[in-house]
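Peer 1: Go ahead and model the full structure; you've got the sequences and the hints to work with.
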Amino acid sequence: MFRRSLTVSYSPFRNNYVTLPDSYYRMLSSYKNGCLCLTHRIDTYYVSWAPYGGGGLAENHIGINAQVARSMDLKEGDAVMVAMIMDVRSLKRVEVSAASEKDWEMLQISSSRIQSILLDQTRIVTKGQNLVVWINDSISIKIKIKFIIPTLPFGRLENDTELVVEPYKKLPGLNSTAKPEIPKLTRSNTNLNIAELVRQRNMERKKSSEYISALENGLAGTTHSSTAPSHDPGILSAAESVKKRPMSWQKTLEGNKENGILPGLPPKNSLQRSSTSGSNSSSGSVAGMSAQTAVRNSSFEKDLERHLNRLQTSKSMANFMAYETPAASPKEQGSSPIDSPKREPSKTVHLDGLIETLGQNVAKVYEFRVIRGVWNSRRSTTQLCDIHTTKENVPATMDINKPFLLTTNDNREYYVNVRLAVDGERFPRNAYPTMEINDRLMEQLEINHGEKVTLKPIRNALNIVDRIELLPATKVAPIIEEDIVEKFKQFVLHNSKIHALLLNQEQLFKLPEYYLTLKLQPPALKYCLINSTILRHSKICCTGEVKPVAGYSDVDGSKKKPAVLKDAESVQECKLVKIEKIERIVEECTDRLKYALCLDARCKLPQQCNMFIAGSSQSGRKTVCDNILKRLAEVPFYCFSTTFDCAKHKGRKPDSIQKDLRHALYLCMFHSPAVLFMDGLDVLAHQPGDQNTPDAEYHNKVSDMIRKQIEEFTGNNPIAVIASISSSSNLNRRLHSSRGYHLFQQHVKLPNLDKADREAALKSLFVQRQCKLDRRIDWKRLANQTEGYAIGSLVQLVDRAVFYAYKQDGKFPFVTEAMVSEALDVTNRYCLVGIENHKQQATDELEEEDDEVPGDKVPGLEGAIEVFQEVLMWPTRFPKIFEASPLRNQAGILLFGPPGTGKTYLVSKLAKTWNLRMISVKGPELLAKYIGQSEENVRNLFDRARSAKPCVLFFDEFDSLAPRRGHDSTGVTDRVVNQLLTELDGVEGLQGVTVIGATSRPELLDPALLRSGRIDRLVECTLPGVTARLEIFSNHSKSLTLDKDVDLREFAVKSEYYTGADIRSILTTANMLAVQECLSNDPEKVPEQITVSQRHLAEAFSSTRPSLSPRDIAKYRETYARFTNKEPPSRDFVAKRATLA
1 MFRRSLTVSY SPFRNNYVTL PDSYYRMLSS YKNGCLCLTH RIDTYYVSWA
51 PYGGGGLAEN HIGINAQVAR SMDLKEGDAV MVAMIMDVRS LKRVEVSAAS
101 EKDWEMLQIS SSRIQSILLD QTRIVTKGQN LVVWINDSIS IKIKIKFIIP
151 TLPFGRLEND TELVVEPYKK LPGLNSTAKP EIPKLTRSNT NLNIAELVRQ
201 RNMERKKSSE YISALENGLA GTTHSSTAPS HDPGILSAAE SVKKRPMSWQ
251 KTLEGNKENG ILPGLPPKNS LQRSSTSGSN SSSGSVAGMS AQTAVRNSSF
301 EKDLERHLNR LQTSKSMANF MAYETPAASP KEQGSSPIDS PKREPSKTVH
351 LDGLIETLGQ NVAKVYEFRV IRGVWNSRRS TTQLCDIHTT KENVPATMDI
401 NKPFLLTTND NREYYVNVRL AVDGERFPRN AYPTMEINDR LMEQLEINHG
451 EKVTLKPIRN ALNIVDRIEL LPATKVAPII EEDIVEKFKQ FVLHNSKIHA
501 LLLNQEQLFK LPEYYLTLKL QPPALKYCLI NSTILRHSKI CCTGEVKPVA
551 GYSDVDGSKK KPAVLKDAES VQECKLVKIE KIERIVEECT DRLKYALCLD
601 ARCKLPQQCN MFIAGSSQSG RKTVCDNILK RLAEVPFYCF STTFDCAKHK
651 GRKPDSIQKD LRHALYLCMF HSPAVLFMDG LDVLAHQPGD QNTPDAEYHN
701 KVSDMIRKQI EEFTGNNPIA VIASISSSSN LNRRLHSSRG YHLFQQHVKL
751 PNLDKADREA ALKSLFVQRQ CKLDRRIDWK RLANQTEGYA IGSLVQLVDR
801 AVFYAYKQDG KFPFVTEAMV SEALDVTNRY CLVGIENHKQ QATDELEEED
851 DEVPGDKVPG LEGAIEVFQE VLMWPTRFPK IFEASPLRNQ AGILLFGPPG
901 TGKTYLVSKL AKTWNLRMIS VKGPELLAKY IGQSEENVRN LFDRARSAKP
951 CVLFFDEFDS LAPRRGHDST GVTDRVVNQL LTELDGVEGL QGVTVIGATS
1001 RPELLDPALL RSGRIDRLVE CTLPGVTARL EIFSNHSKSL TLDKDVDLRE
1051 FAVKSEYYTG ADIRSILTTA NMLAVQECLS NDPEKVPEQI TVSQRHLAEA
1101 FSSTRPSLSP RDIAKYRETY ARFTNKEPPS RDFVAKRATL A
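Going by full-length UniProt numbering, the sequence shown opens with residue 1, and the numbers climb by one from there.
Treat the hints with care, as some may be off.
[Said to hold, decoys possible] Okay, the calculated beta carbon distance ranges per label pair:
no.	residue 1	residue 2	range
1	A756	R26	43 to 51 Å
2	R769	D943	30 to 38 Å
3	D1016	D825	31 to 39 Å
4	I109	E583	49 to 57 Å
5	R1049	P1007	40 to 48 Å
6	K650	V867	42 to 50 Å
7	S617	I400	52 to 60 Å
8	Y595	S727	22 to 30 Å
9	S5	D943	45 to 53 Å
10	S1039	G966	47 to 55 Å
11	T693	S738	21 to 29 Å
12	M86	V422	50 to 58 Å
Note that these hints are calculated values from the structure, not bench results. Computed from a prediction, not measured in an experiment: that's the story for all the values here. Every residue gets a Cβ at the ideal spot worked out from N, C-alpha and C, and that includes glycine.
Peer 2: Shown next as structure tokens:
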């Protein structure tokens, strides 16, 4: 599929991925489980492609690391045929070996490093392949893929694939006298584990075989057997065969090795004591039990080796079915010593026998999630090694009456007992088995809450303990030591009537009045099981040695009580403001995640559930996400969560971001079910637009990497991702667009706060601050004044008002209405940035104005003022009428008229008079040179207006921003018009936002903007009449000192074609003439006030010409008449772009 011929080019990337051209990568990026098949001549190779395209490659080239290419016998410039395989099966197990002795040494030294970086360097492996692994930038090693399970030509590595490393074998003839000790490879924090070395398993088997022989010889001597002590050749041959072959399962005699029994030596404690003790019955039972154990394990070893040998000698199924061998030796068959030839059973029979043998003798391993418990000192029977669970969490095949070996992720081991909890309410009822471990043991083993541990039952335990030393926490008197010993014995006798008591080496032991540390002798013992019989034959003493216990304080010199352990998570957090809308969103998201992650009993199969939480700045999206995570972590769900701060990774290299993101996802996988919270994802994966720039390439590469990592970890693991963004339009399309399926299945947008929400939030916030409030505070008025505020802005307002109260009286703070008003004024300055908030302020803060004309009394524009009053003021004055109306309110006004008639002046005056929030935009300032930037500027402008509603959005020179479409060769204004149409009458609507446009050429606007439902109120600003001109003269001359002979009506009658701007220019010129006259008479004696006379006005009137000539005015009138359909169009009229004034 997608076959293509490409040319090999060496790439600088140190991994086994191949880099593809951008066009080819986009074709393959949706196939997340696929790989590439490279064919060169007669050779075929299987590789995986890098999670990003490009890399500076030409269109028909494929990038391969030079060292990897040489291992494939490829050279730069070779032509390869590339084809895609859609679905590659994942591998459960891979066995590898080092290619050379030097590679083996480096593999031992850098094992943990290799485990953490292997998945970052390759995903597809082939049987027989020499794989190159880079330890750092300058050192690499080669490992050979020897065997993969399932048996396939190639496969895909996953996070839970087991990687087994076979020791490097030297050539024959190079024998060394001393075999160096090979260090054990520990498990890292990944699920791609390099298991124990084969040499270690072979040594364990050899030690077990030698011990079985020694044990049989010892038992034969004690029972007066005539057989001489000798090693069983069958056992030795089995050990030799195991030595030659790596195996993954463990033996059942592992407990003997853990208890410190040396290979080749009989156990000197239990067997010798049984012959000298006074009780023959007890000693006989111990010896009989050991003998049965040894015989059973010996026969298991023989059966296992016999089945494996039969299976491995066959070349194929057909050859094996026809294969015949002589009968087994008498010792192997265990029947008659007479040899008789027999037909060997079929391979199916041997395979069934092998399965039966493994099922009966190999101990099963159980995996559990860990929740934190408290080691309560009042429950005297509960010890440190006791863990609790419920009956529902215990698997059917698990026997809780046996002791278990607990193993953590970093191979820390401890022997524990499993107890059923009386109170099961704190345990989850879901698909994940859970156990409770006390906080003391979790601290000792470094286990985190929600982490997974394994339990392996201990089949047989030989209780070889000479002495148990009791170490108190403080120095005690001899009589107290005797009391401690006596109470310890009583405790053992009382609690070992049914099952033996489990004790660990260096275990903290709790008696009703004492805290002790147990020390088992010999020191090689890791644990022991004791009961009344073992207690009689063991020595228990207090040697006077003291071992302090951390975290516990003295009470009376000997008694110890646990001190209060402080947890960072128990710090009291600030109470959240409960808003009904937000609370409903939190509940729905929490319930959806509970169902998808199987946190309750409704679902048993995990599902993908990634979601966006979108909201504007200070809308509380991070608080909402934190609240969701907090509810999921409560009892009894215990869902793990971690946060990935995207803002801290902005600008970093994609490889560094990938490393940290994988670490967070690995952490979630180890503690699954889990939720990853990506805060500010749109900051890291921004939508760059349509332009091809280095910044766009960077964001696209980061987005592809994030998508690939989320797909990889959430596809097969119960992990959910919650991402907080400002808007989906700001997020890279590669993350939220569909590629056969959606990466994020749910998109939640936080709503804006209405009046009732703001009033309830303000009251709740003031109550939480614990301040006394003035009863005169008008909450409804304050809610109206904070229109457009987000919850974060309300918090800042309340904090500032409380600060003023504490500043006035620190002991008894009292919040007054004046403090709230002052805090509101200050908060508006930085919460409403870029928005003109025209509120009535104090007299000393008022800006100086040339006139004091209120906005609703501007002369000559009474008709326009009535329209503004209907659109802007009536919905506020009569809210019930407009809320009951099923129709949408008008949200657009177009002011048109000749230049200088007061269009901009009127809007500015009305905003100040009616205390409106206004965003003033000059048309050309939204246009940008980059493709898509102009449309983004329009979107951001409307979003800012919605956040500050009620708000007036005023476009001056509207015709330059939204002309008719189809007349722009670049297409910029066409796209801006399309964006304006979407914002004016889109899905979201403009509730609370009024759009006002001002232009002198309305016929140049795109007709789609002026249809009903958008900008549908057309208001013409005409030239002022005689009465209006007289009022304009009077209003502008109030700041001047006029002579008594000045007659303003005369000039109002003469200025027929003058606009308001022309009249203001006449008065300004007259004032300047009067100043010049005073300065020319006596420059040193200038009066404080200059008087303007009739002569000055007449001279200024004669020198000031009107802006519009009668011909221009006639042209405008004709144009406006055709625009408003008051006159039929003529053939001479053509709407062209021209400058009339």
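Peer 1: Hint by hint, work out which the structure violates, then give me just those numbers in ascending order.
Peer 2: none
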